[in-house]
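Visitor: Chains as they are written, first to last, in my numbering: chain A, 1 to 71; chain B, 1 to 167.
Hint data in this document are derived by calculation from the structure and do not stem from the laboratory. Just so you know, these numbers come straight off a predicted model, no measurement behind them. Among the hints, erroneous ones may be present.
Partial list, derived from the structure: chain B residues whose beta carbon lies under 7 Å from chain A [stated by the list, open to error]:
1) Y9
2) Q11
3) F23
4) L24
5) I26
6) Q51
7) T64
8) A72
9) F74
10) V118
11) N122
12) A149
13) G150
Every residue gets a Cβ at the ideal spot worked out from N, C-alpha and C, and that includes glycine.
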Amino acid sequence: MSKVIEVDCSTGISTERDMTEAELAAQAAMQAQAEEARAAEEADKAAKEIAKAELLVKLGITADEAKLLLS
Amino acid sequence: MTIAMQPIYTQTVGAGGTTGVNFLNIPQTFTDLQIVVSMRTAFAANYQYIQVFFNNNGSNYSATSLNGSGTAVFTNRNTQIEAGAVSATATSNTFSSVSIYIPNYTSANFKSYIADGVTENNATAGYQSLTAGLWRDTSAINRIDVSGAGQTIVQNSTVTLYGITKG
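Input sequences plus hints: build the corresponding full structure.
Guide: Below, the structure written as structure tokens:
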């Protein structure tokens, strides 16, 4: 997919056109950036889950038992 | 005081999808702008982003988000405008709901925005985000580009631009 929709708000006319080379390059960069951000979020989430699991092991309780203690 | 919210344009994505929806020549006569997005992308992953640029400029954004994934809560800092888009692995016929509010878009100050978004999915994995952001640029906003961050935006997704006038 290399089409983009352009809406001219001054006329209310919507047109679809092929993306330019520069836009395609920018789009690829955006995609890479989004992938990077998503990977970072996933890594952060995984690290937190591991830390939580390690804490539970240290405390010698299960996640359900921890919930009961905090309720 | 009167407050009026006027739809400037609603773009519905047609058959075959698109890569982005760009609003050009945005009127400079309102006080604030709001973008409302209902989007699904063809990306085969649990989560995909909507990306938004002002004035065809991908630089000088800073944002702080509070997020939920259905199983975890987390925060992140970012250098682009993002909110959730439903991806191809989510329940069929579901779309994300996103709102981005941009106050004082014609001012000569830096532009702040708030973005809130949720994805839909008949499963545990469902994403929510609340983002406070700043575009460190003093230009009046006259163009807004909305994309699926490089992914195809599928048919029946909609992007609406509203102008808000404060009396």
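Visitor: Hints broken by the structure, by number, lowest first?
Guide: 7, 10 and 11
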